[in-house]
Amino acid sequence: MKIMVAIKRVVDYAVKIRIKSDKTGVETANVKMSMNPFCEIALEVALRMKESGVASEVIAVSMGPSQCVDTLRTGLAMGADRAIHVDAPSTLYPLTVAKLLKALVQVEKPGLLILGKQAIDDDCNQTGQMVAGLLNWPQGTFASKVVVDKEKKAATVDREVDGGLETLCLDLPAVITTDLRLNQPRYATLPNIMKAKSKPIKKMSLAELNVDLRSDLEVVQVTAPPVRKAGVILSSVDELVDKLKNEAHVI
Amino acid sequence: MENHKAAAAAVAYRLLNQTKHKSNKILHQRRLIPNSTQLNPSSSTSGFTQHYTSVPLNQFVASYRWDLRKSSLIRTSIHHRKFGSLASTIVQRNPNFSTINHDDLIYFDKILGAKKVIQDPEELQTANTDWMHKYKGSSKLMLQPENTTELSQILEYCNSRRLAVVPQGGNTGLVGGSVPVFDEIIINTRRMNSVISFDQVSGVLVCEAGCILENLISFLDKKGFIMPLDLGAKGSCQIGGNISTNAGGLRLVRYGSLHGTVLGLEVVLANGSVIDMLGTLRKDNTGYDLKHLFIGSEGSLGIITKVSILTPPKLSSVNIAFLACEDYISCQKLLFQAKRRLGEILSAFEFLDSQAMNLVLHHLDGVRNPLPSSIYNFYVLIETTGSNESNDKATLEAFLLHAMENGLVSDGALAQDFSQASSFWHIREGIPEALQKAGAVYKYDLSLPVEKMYDLVEEMRTRLGAAANVVGYGHLGDSNLHLNVSARQYDDAILAQIEPFVYEWTSRHRGSISAEHGLGLMKAEKIYYSKSSETVQLMASVKKLLDPNGILNPYKVIPSSLVS
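Residue numbers (this note's numbering), protein chains in the order written: chain A, 930 to 1180; chain B, 12 to 575.
Okay, chain A solo, but in the shape it has when bound:
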């Protein structure tokens, strides 16, 4: 069974982001970029499935400008067998990504499509759900545990929901999006990094996949949240009561 893992190149989560002066977006020039942490977790679960014999091949896919290849190389260094890079402009919204993934799935025909639950740059949490809808596949989102039964062609997924954990059983092929507690991604070790240099990265264009890039969304403005005002140290309870009454109007 083939597993396809979608990965996204985002601003490294440890970087302190700044807004561009024209407020059109976040400053990404000269800023460290790396693989979205949830995508790392997705890739890790796919690699563990391959190691346990459930899957035969792990394909990493990414969409965007040429720098995406760096992120795909990281994926190959972690242990993916091959990668596909879809050449596209950098701003892609979830619906477009979902359509592209659908087209890729129809080419590669994997048994499982695994994604991170959301990307840390837009926090959309939409792509996995949308692609499942487009493909008409079952979906197990916010997965904190995944067990695949090869003979029955089904996956048991524990989902992290507000009330606790929900367990679903999905028929394959299915879409799974990964949550934080699913696993701890492995480090890319030197032997694998060296092997990754010879693994193939196939480049595909939007035209090949026949997907229309036109988006229904337009980002109008990006602003930073208001700076937190400093607290005020008061000298007595009376002053506190006075402020709560007359300034904050809460009593």
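Calculated directly from the structure, the hints in this document are not laboratory data. Among the clues, some could well be false.
[Said to hold, decoys possible] Simulated DEER-style distance windows between Cβ atoms:
| id | chain 1 | residue 1 | chain 2 | residue 2 | range |
| --- | --- | --- | --- | --- | --- |
| 1 | B | Gly246 | A | Leu1169 | 30 to 36 angstroms |
| 2 | A | Val1156 | B | Tyr299 | 46 to 52 angstroms |
| 3 | B | Asn402 | A | His1178 | 57 to 63 angstroms |
| 4 | B | Pro324 | A | Leu1063 | 45 to 51 angstroms |
| 5 | A | Pro994 | B | Glu462 | 45 to 51 angstroms |
[What the hints assert, rightly or not] Below are the SDA-like pairs computed for lysine to any residue, each with C-alpha atoms no more than 20 angstroms apart in a straight line:
| id | chain 1 | residue 1 | chain 2 | residue 2 |
| --- | --- | --- | --- | --- |
| 6 | B | Lys325 | A | Arg947 |
| 7 | A | Lys945 | B | Ser434 |
| 8 | B | Lys234 | B | Gly214 |
| 9 | A | Lys961 | B | Glu408 |
| 10 | B | Lys404 | A | Gln996 |
| 11 | B | Lys126 | B | Ser205 |
| 12 | B | Lys454 | B | Ser365 |
| 13 | B | Lys454 | B | Asp466 |
| 14 | A | Lys961 | B | Leu231 |
| 15 | A | Lys945 | B | Lys325 |
| 16 | A | Lys1124 | B | Glu416 |
| 17 | A | Lys961 | B | Asp232 |
| 18 | A | Lys961 | B | Lys404 |
| 19 | A | Lys1124 | B | Asn417 |
| 20 | A | Lys961 | B | Lys542 |
| 21 | B | Lys233 | A | Lys1128 |
| 22 | A | Lys945 | B | Asp232 |
| 23 | B | Lys542 | B | His520 |
| 24 | B | Lys234 | B | Pro323 |
| 25 | A | Lys1128 | B | Ser401 |
| 26 | A | Lys1028 | A | Lys1132 |
| 27 | A | Lys945 | B | Pro324 |
| 28 | B | Lys233 | A | Asn959 |
| 29 | A | Lys1128 | A | Glu973 |
| 30 | A | Lys1132 | A | Asp999 |
| 31 | B | Lys233 | A | Pro1155 |
| 32 | A | Lys1132 | A | Arg1011 |
These figures come from a predicted structure and were not determined experimentally. Where a beta carbon is used, it is the ideal one built from N, C-alpha and C, also for glycine.
With the hints as your guide, set chain B onto chain A.
Then chain B, alone, in the frame of chain A:
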């Protein structure tokens, strides 16, 4: 045996006949002498003979004087060591120093105001004890001046009254240099913590000595610069203390020592005079460059109040690799290759042995072995910092490929993002913490020729056998070994096996007995292992010139016999 008895008698005689306190309040003095003392005479390779006295753990030497006014005994010359590492001459309180009286307190109150004069026992308890809980003084007063003028007035007064002082910053030193030995007044710089100016173009930062290093790092981060030094204690240590001890840290191999990056200092001398050498010029060859005297003087020549330091720009591409080597020779060859193939982008080269790795994995939370397949003998951490991400990554990968092909490296992992990078650093920076948690630790910080460095660790292992766990790690890029001996509890038998063997071994190989930690109290009498007696005499002359009454951080850095 006779020799021992005679020597013990000599020590006792000397203590009993110590010159009287100059104050006229003394009636008589009483002494407590420990029940058993063993003397281990030994001589260093420079021919200086020293007598070492081991004092059993729970005993201490104390002297008392009778205070007429209070009609009670006041302990004056106690030096109470809480734990081991007692192999040193018994320190006695210098009778030339005055003790604080009521008038002094009134004066300090007048100059500083009640908020900055601390006599609260709990706060003093913390200020009197060092980070390792190994040294504890008995100061009754801490002053926290807010600016240079206040500090100058305090010092002028203390000098006129012959009151000894201890300059204190973040109190993270590892050789007992930042805490009082007896009742010296603690002068803490934490209130002098503002950034004065920052030049965006040249990267010159001017700030007060009490600024915490991590705060400076965050401040500079927003401007696109970094501090030229980085160490595990950054959350608490202050820049004044870093400079007073010429701190090295993790990035010395790339940015050099503070002697190179500090452009200027403002210093207050013992008599209160303010010496303004706070230049911000990169090049200034006008006269003797006196600031270098104060860098690394551990507060014994003057107290640093302001600092002007050159900060490097923050480069975007940081890569870090965690590598495993089979033997120490491979580590050395790796260093050689790294300097050549990584060249200007190399920013850190650290090593640790398998004992250090096991300790960290065992005692620290949230630490994962990056190479879990097996435990290797040595681990090397290499960091590169450059301006071009793809170039640097390619260079690093080419270097690592070369290293693997030539058998220098058995395995390794390359960090893919910041969180993986910080988890690699956490392993290396967490070793001191893991050692503290493991029980008692004897710490040594030595500069040795790279080829010989690990030989010392192995010899110590043979000497101590099963009695202790000998751990070696350090800044391989700077030839700096941190040798730590970890035992379940402090034990004089273990100490006797370590000292003076370690110092003599280092001296024989012309190394330094204190690469970056300084001498402080711990190694105050050991300077001859690394410096000639003529050099030390010259140091004593400088000390006498700048601090004739010897009030600044007494009993530390250079042997007291030369100073009194």
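Against the structure, the hints:
The hinted range of 30 to 36 angstroms is satisfied by Gly246 (chain B) and Leu1169 (chain A), whose Cβ atoms lie roughly 32 angstroms apart. Separation of Val1156 (chain A) from Tyr299 (chain B) is about 48 angstroms and conforms to the stated range, judged on CB atoms against 46 to 52 angstroms. At about 59 angstroms, the CB distance of Asn402 (chain B) to His1178 (chain A) agrees with the hint of 57 to 63 angstroms. As the Cβ distance of Pro324 (chain B) to Leu1063 (chain A) is approximately 47 angstroms, the hint placing it in 45 to 51 angstroms holds.
Checked against the hint of 45 to 51 angstroms, the pair Pro994 (chain A) and Glu462 (chain B) passes, with Cβ atoms roughly 49 angstroms apart. Taking the CA atoms of Lys325 (chain B) and Arg947 (chain A), the gap is about 16 angstroms. The hint holds against a cut of 20 angstroms. The straight-line distance between the Cα atoms of Lys945 (chain A) and Ser434 (chain B) is roughly 18 angstroms, inside the 20 angstroms bound, and the hint therefore holds. Restraint check: the Cα-Cα separation between Lys234 (chain B) and Gly214 (chain B) comes to about 9 angstroms, which is no more than 20 angstroms; the hinted pair holds.
Note on Lys961 (chain A) and Glu408 (chain B): the hinted pairing holds, with a Cα-Cα distance of about 18 angstroms set against a maximum of 20 angstroms. About 13 angstroms separates the Cα atoms of Lys404 (chain B) and Gln996 (chain A), which keeps this hinted pair within 20 angstroms; it holds. A C-alpha spacing of about 19 angstroms is found between Lys126 (chain B) and Ser205 (chain B), which places the hinted pair at or below 20 angstroms, so the restraint holds. Taken as a hint, the Lys454 (chain B) and Ser365 (chain B) pair is honoured in the structure, with Cα atoms around 18 angstroms apart against an allowance of 20 angstroms.
In summary, the hint linking Lys454 (chain B) to Asp466 (chain B) is supported, as the alpha carbons are separated by about 17 angstroms, within the 20 angstroms threshold. Taking the CA atoms of Lys961 (chain A) and Leu231 (chain B), the gap is about 18 angstroms. The hint holds against a cut of 20 angstroms. Under the criterion of a C-alpha separation no larger than 20 angstroms, the hint pairing Lys945 (chain A) with Lys325 (chain B) is consistent with the structure, at around 13 angstroms. About 13 angstroms separates the Cα atoms of Lys1124 (chain A) and Glu416 (chain B), which keeps this hinted pair within 20 angstroms; it holds.
In summary, the hint linking Lys961 (chain A) to Asp232 (chain B) is supported, as the alpha carbons are separated by about 14 angstroms, within the 20 angstroms threshold. As the CA atoms of Lys961 (chain A) and Lys404 (chain B) are separated by approximately 12 angstroms, the hinted pair is consistent with the 20 angstroms bound. With a C-alpha separation of about 17 angstroms, the suggested pair Lys1124 (chain A) and Asn417 (chain B) falls inside the 20 angstroms cut-off, and the hint holds. A C-alpha spacing of about 47 angstroms is found between Lys961 (chain A) and Lys542 (chain B), which places the hinted pair above 20 angstroms, so the restraint is violated.
With a C-alpha separation of about 40 angstroms, the suggested pairing of Lys233 (chain B) with Lys1128 (chain A) is violated against the 20 angstroms cut-off. A C-alpha spacing of about 9 angstroms is found between Lys945 (chain A) and Asp232 (chain B), which places the hinted pair at or below 20 angstroms, so the restraint holds. At most 20 angstroms may separate the alpha-carbon atoms for a hinted pair to count; Lys542 (chain B) and His520 (chain B) meet this at roughly 13 angstroms. A distance of roughly 11 angstroms separates the Cα atoms of Lys234 (chain B) and Pro323 (chain B); the hinted pair therefore holds under the 20 angstroms criterion.
With a C-alpha separation of about 19 angstroms, the suggested pair Lys1128 (chain A) and Ser401 (chain B) falls inside the 20 angstroms cut-off, and the hint holds. Under the criterion of a C-alpha separation no larger than 20 angstroms, the hint pairing Lys1028 (chain A) with Lys1132 (chain A) is consistent with the structure, at around 17 angstroms. About 17 angstroms separates the Cα atoms of Lys945 (chain A) and Pro324 (chain B), which keeps this hinted pair within 20 angstroms; it holds. Under the criterion of a C-alpha separation no larger than 20 angstroms, the hint pairing Lys233 (chain B) with Asn959 (chain A) is consistent with the structure, at around 14 angstroms.
Under the criterion of a C-alpha separation no larger than 20 angstroms, the hint pairing Lys1128 (chain A) with Glu973 (chain A) is consistent with the structure, at around 18 angstroms. The hinted pair formed by Lys1132 (chain A) and Asp999 (chain A) meets the criterion: a straight-line CA distance of about 13 angstroms does not exceed 20 angstroms. Taking the CA atoms of Lys233 (chain B) and Pro1155 (chain A), the gap is about 18 angstroms. The hint holds against a cut of 20 angstroms. A C-alpha spacing of about 11 angstroms is found between Lys1132 (chain A) and Arg1011 (chain A), which places the hinted pair at or below 20 angstroms, so the restraint holds.
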